[in-house]
Every structure is written in C-alpha cells, then in structure tokens.
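So the chains spell out like this:
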Amino acid sequence: MAEEPEEPTLPRLPLSVPFSDTRKRLRSMEAPPPSTSSDPAVFSSDDDPALDNYQAHGRRKRRYVGTWFDQQPASSDSALGDETGPNYPPPRRNRATPKPKKREFRRQLDSGVWMGTDGAMTDTDDSVDLEPPTARLSLLPPHDPAPLPLSPARPRFPDEEQAAINMIRRCVDNGIEDVDLSGLRLHCLSRGILEPLSHIAPIPNVTKDVAFEQKDAEIKVFLSTNLLRTFPLDLLNVEHLTVLSLRHNRLTRIPPGIGKLKNLQTLNVAQNSLRFFPSELLALLRKGGKLSSFQFQPNPFWTPVAVPPDNRGAEDYETRTFNPGPTPAVASRWIGLTTRLQARTPVELTDSAHTSYTRFVLPQTTNPAFAARRAPPLELEPFRQLATPRGLHHVLADAASKVAQPRGAKSLFELAVRACVRSGQADWIAAELRRDGEVGEGEGCWSAHLAEAVDRAADIQRQGGLECAVCGRETSMPLARWVEFRQVGQLDVLVGPEGVEDSRFMGLGGVSEGAVPFMMVGCSWRCVPVAADGVDGGGSG
Amino acid sequence: MADACKYITLVSSDGYEFVVLRDAALVSPTIKGMLRSQFTEAQTGRCTFPEFSGVVLEKVAEYFHYWHRNRDREDVPDMEIPVELCLVLVQAADYFNLDARPSLRDPA
Numbered sequence: 001m002a003e004e005p006e007e008p009t010l011p012r013l014p015l016s017v018p019f020s021d022t023r024k025r026l027r028s029m030e031a032p033p034p035s036t037s038s039d040p041a042v043f044s045s046d047d048d049p050a051l052d053n054y055q056a057h058g059r060r061k062r063r064y065v066g067t068w069f070d071q072q073p074a075s076s077d078s079a080l081g082d083e084t085g086p087n088y089p090p091p092r093r094n095r096a097t098p099k100p101k102k103r104e105f106r107r108q109l110d111s112g113v114w115m116g117t118d119g120a121m122t123d124t125d126d127s128v129d130l131e132p133p134t135a136r137l138s139l140l141p142p143h144d145p146a147p148l149p150l151s152p153a154r155p156r157f158p159d160e161e162q163a164a165i166n167m168i169r170r171c172v173d174n175g176i177e178d179v180d181l182s183g184l185r186l187h188c189l190s191r192g193i194l195e196p197l198s199h200i201a202p203i204p205n206v207t208k209d210v211a212f213e214q215k216d217a218e219i220k221v222f223l224s225t226n227l228l229r230t231f232p233l234d235l236l237n238v239e240h241l242t243v244l245s246l247r248h249n250r251l252t253r254i255p256p257g258i259g260k261l262k263n264l265q266t267l268n269v270a271q272n273s274l275r276f277f278p279s280e281l282l283a284l285l286r287k288g289g290k291l292s293s294f295q296f297q298p299n300p301f302w303t304p305v306a307v308p309p310d311n312r313g314a315e316d317y318e319t320r321t322f323n324p325g326p327t328p329a330v331a332s333r334w335i336g337l338t339t340r341l342q343a344r345t346p347v348e349l350t351d352s353a354h355t356s357y358t359r360f361v362l363p364q365t366t367n368p369a370f371a372a373r374r375a376p377p378l379e380l381e382p383f384r385q386l387a388t389p390r391g392l393h394h395v396l397a398d399a400a401s402k403v404a405q406p407r408g409a410k411s412l413f414e415l416a417v418r419a420c421v422r423s424g425q426a427d428w429i430a431a432e433l434r435r436d437g438e439v440g441e442g443e444g445c446w447s448a449h450l451a452e453a454v455d456r457a458a459d460i461q462r463q464g465g466l467e468c469a470v471c472g473r474e475t476s477m478p479l480a481r482w483v484e485f486r487q488v489g490q491l492d493v494l495v496g497p498e499g500v501e502d503s504r505f506m507g508l509g510g511v512s513e514g515a516v517p518f519m520m521v522g523c524s525w526r527c528v529p530v531a532a533d534g535v536d537g538g539g540s541g
Numbered sequence: 001m002a003d004a005c006k007y008i009t010l011v012s013s014d015g016y017e018f019v020v021l022r023d024a025a026l027v028s029p030t031i032k033g034m035l036r037s038q039f040t041e042a043q044t045g046r047c048t049f050p051e052f053s054g055v056v057l058e059k060v061a062e063y064f065h066y067w068h069r070n071r072d073r074e075d076v077p078d079m080e081i082p083v084e085l086c087l088v089l090v091q092a093a094d095y096f097n098l099d100a101r102p103s104l105r106d107p108a
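Those protein sequence lines, which keep their order, are chains A and B.
Quick note: the first sequence uses my numbering, first residue 1, plus one each step.
Quick note: the second sequence uses my numbering, first residue 1, plus one each step.
By construction, these hints were calculated from the structure, which means they are not laboratory data.
Being a predicted model, the structure only gives us computed values, none of them experimental.
For each residue, glycine too, the CB sits at the ideal point set by N, CA and C.
Hints are supplied without guarantee of correctness; some may be wrong.
Claimed, not checked - Covered, in the sense of this in silico footprint (three residues per stretch, anywhere, with C-beta under 8 Å from a C-beta of chain A), are these stretches of chain B:
1) 52-66
2) 72-83
3) 86-97
As the list claims (entries may be wrong) - Over the 12 Å line for every Cβ pair with chain A, so calculated as not near, a few chain B residues:
4) C5
5) T9
6) F39
7) G45
8) T48
Work out the full structure, taking the sequences as your base and the hints as a guide.
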C-alpha cells in the first residue's frame, strides 16, 4: 500500500520572530510561482504489477516524491520491494547518481501476476486448515541464506495416525457417519485426534412434501484390527456413538466412562487382552437399554472356581446391596441384552495408600508383567456369607473412622487429592510430592504414597470417573473392590394383556458360555455386598 | 481452664492461632495423640505446628468443624478446596492422619 510521503523537515522559525506579535498579517495578492516552491515534486505511478495492490485497497496509485529519474527502478516494480519498505526517495547525494538501469521484465518468482495462483493460497479461501504461509516464502531463490522453519506449531504425527486424522476429517467434512479406522496399524491415538467425531452431523434428506427433520447423528466407529493398548478416551465424549468396534486390539481394560455412552447399540471388544469389565458397563446392559449387540469373546477374562449356582441368593444379594430403583416399564415387548448374576468373589478392602487389609486380593492389573500371565481362577464367596476379615470389626464399628463412613463427609486427604486432579496439574503435583520425598530426610518415605494416590486419582479421572457401585457417589479413592461374575444374555420381555410381564432370559452362545467378570467398586468399607437371607457374617448392618 | 476442656488452640508457624472445638479436632489421630495425658499440649491446650502456615492451618481447622458438623449426616456436600492449596493440603492431611486408613491398634 502507498505510504504517505514523508514531509520534508521545515526550516526552523527564526527565533527573533516574537510569538506575541498578533498583528494581522497582510494577505499577499499574488500567488507564488510554482517553480519557486521548495517542496519536491510529487507524482504517482501505477506501474507496480503486484496483484495485492489492487485486491486489498482498490486501485490506488503509488505516489512518489521527487523526480522520476531519482527513483530506483527496482523499487517500484516488484512485490519484493513492496515488502522490504516504502518507497522513499533516495537521499540525494552530491556525487553523481549512477545511471539508472533499464527496467527489465523478468519472471519474479513471488509475483502474483506471473504465477498461477494456487487454490489453497488465495485470500478468499477461509478454510481453517490453511498451511502457514511458508510455502510462499519458500519459493524465494534458493540462495536465500535464512533457513525457514517448517510450520513449528503443528505437531507431527506418525503416518498411521495421520491417516486416521485424514479419514476423520473427511468424515466430518462430508457428514459421513461410518468412520472406518480399521487396519491402520494404530499403536495409540493421541488425545484430540478423535475429538472432531462428535461434530459429525448427518446431511438430512431433503425431498419435496416431506417435513424437514433434523435427526441425531448415529456415529459408527470401527477401530478393529489395530494395535491399540489403551481405550481411546476421546470416544467417551462422542455422545451419539452407536456402533463401536475395537475387535482385535490389545486393550487391557475398558474405562468406566463407557457407561456414559447411552446411545451405544453395538459394542465389539472381542480378541483383546481384557481381564474384566467395569461395573459401569452394566448401566448399558439393563432392561430398557439400547445395547443390542455385544461381542466380547475371546478375551483372557478372569475365571471363577466352579461353584453351584444359587439363584435365590443372587437375587436377594442384589436387592439388598444395590437397592435398585423401579425397573423401567416396557410398552409391549422389549428384547435386549442384560446380565444375570452368577457368583461373586470376596471383598478386598484397601486404604487410601492402597494397602490391602484382607486375605483376598484381586490379581494385579496395572503391572504389565503380572497382567501378561494367565491369572488363576478367582475364589468365590457364597451370597449368604459375608466374611469380614478378622481384626477389622472394631474399625467398622468405629463411627469416627473414615474408612467406615459410607456417605458422610469425605476425608480431607481425598478432598485435597480431588482438588489436585481438578487443578489439571496432577502430574506436576505428583512429581513435586515425589521430589519432596527424596529431599526430606527422616520422614522422606511419607510422600511416596501421596504421589501414588494423586496418580491413581488422576488416572481414574482420565478414565471417565468412578462411581461407588453401592451408594452411587463419585469417588476417586475406591476402598473396596470385588468382582461379580455375570452371564450376558438376551432378555425377551413380553407384556401380557393384564400388564403382566413375561420375561425369558437366554444366555449368549448357550449356557456353556462362561460368565464374565465385572469389577465392582465401593467408596468405603461399608459400601460392600450385603449377605443374602439374613445370614450375616458380621460387619454390615 | 474451664474452656480449655472444650476448646483447644492451634498455632501456625507464622503465629496465627485458631481456636477449635476439642471434639472436632479429635478427628485427627495426630492431635488426639498430642492431647494425651502427659504432654505439655494436654495441659495447656495449645498445639503448635511449625510445619504449616496460617493459611493451611486455617483450612485444616475448617475441615475439623466441617467434619464435626456433618459427622452424622449423609450425602454431605464436599468441602471446597482452593486449587492453590491442594498440594500442601495433601501433605497436611497426611500429617494429621486425615486420610482413609483404619486405626488398627486403637479400638476406641
């Protein structure tokens, strides 16, 4: 754009002229002859061929100050000269000015006139994914000494993740609801890659005489036959996910947050390394739920020791422990997936330092060395018994003990740890606690378990939060854990004419199909199973 | 010394004093131990904590009363913990034994 010509410095006023002289000046009648003006001549020229000059501000001519033969020929004919600085008249020197070179028209690599404009580079393209304008600069002559950084802002992903990103972008752009990311050899999906999936909106069918209807998206994500070790947690925020296939990966656990995916109709987690399911998955496997297809075999699930079934005890235990609300009414007929309880293990009680106080201890899951081994069958506890570990009766009787408060005030430790997680800097805080533990001598050991507690709480939050199975409160410090073995099957409910429900349960793949473990979590030592039929082993009231 | 039975004073490293209900403060096994018979703190009812500043000790004292107020209730709303204090409060909770750990040797 044209710069205003710089005003020549005015001659200083002679100081002898007093400012207090307010006498009216006489107007001189004759105009001064133009030739005597000391201002340099101003002329304008339109010879700059750069297109930018016309697009941005209309057609404005460039103005030059001074005589035309003082202008440097190179300064006015290229976009390069335009960027380096405004066109000031060169300082007039006393020595003879060099003879101005003849203007030559040669191809300017950077000029918009000689080059075909790239579609992605036009100013009207307001796509958000514009590459940073390094491409334009990189067309400079190669002898340019300054190396240009190659778009430092955008992190580079491995090729397979880049392929996934491209696929997701295409689906979002075109409103495609089937996102096929299978067989891409994905090892992991960095955070944020799957995040755009929640923006997929179907393009509605607009036809004549049909009322326009915006329907919710039905997003289907296929991540089968990859090498994923962790569940892509971004998926937990995709509200309208209806089909999710994670078949043939290397997952070791399903996050509890999967219970949030209420619209899920098909879930395939077969051929992974799963040991158990979170109890939150049961929220989807419930009468009235939408999940209708659930593939989970084969997986190296925990297995129970053989035990005779006790259906009445199971029912009684469930109603006493979980206090289920009224079952949702069905209109006339409902077919869907539910589970049927078959057995449960004893309870493992831990404290906030994750030390176990019970004889029964669940197998390791976090340590990959332990997790790789095939776990031995888990021992079971009859529903009519509840064995409180010896030596813990007085703890449960002590009302002041924080482990025994099911719904009361949380411990300050848990409150503080939750605040750490909420601050979003849990990693830093854990590192700081570890460092404190190393520096401080004497009581140095006391920080180690603090850092671990913060780490565990942060992990739980990443997985989508954990709820106490009994009292339903959110917890970041589970103190009781046990496993329920449940058979997944199809429930067929038929409502008769008198409103009497007739239901039939049929196990998936026949009765021979083993029961699947579900990890139950309690937030205190009283949020534990209640013994069925009043046969109380002590401890719970 | 009549009120000394009902209230105790917590003193922080920078000299702030917090007078709290004795019953409320007894939720912390650490304080319970300090107030046991033969220690000076038991006689004077003053517990000095050179490890913690007044800001932290104020929050701890607030928790004592929060716990005391809600000890028999259910579905208690969580106490607000300011984010800038969370790191030092984790350590304070550990110091005062305010975490969820059973006291196995103390069948009180």
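Hint by hint, here is what the structure shows:
1. 52-66: It holds: at least three residues are needed, and the region 52-66 of chain B offers 3 whose Cβ sits within less than 8 Å of chain A.
2. 72-83: holds (count 10)
3. 86-97: holds (count 9)
4. C5: It holds; C5/B is separated from chain A by about 19 Å at its closest Cβ, greater than 12 Å.
5. T9: At about 20 Å from chain A, T9/B clears the 12 Å cut-off, so the statement holds.
6. F39: Fine: 20 Å to the nearest Cβ keeps F39/B off the interface.
7. G45: Answer for G45/B: holds, closest chain A Cβ roughly 21 Å.
8. T48: holds, 18 Å
Checked against the numbered hints above, the structure violates none of them.
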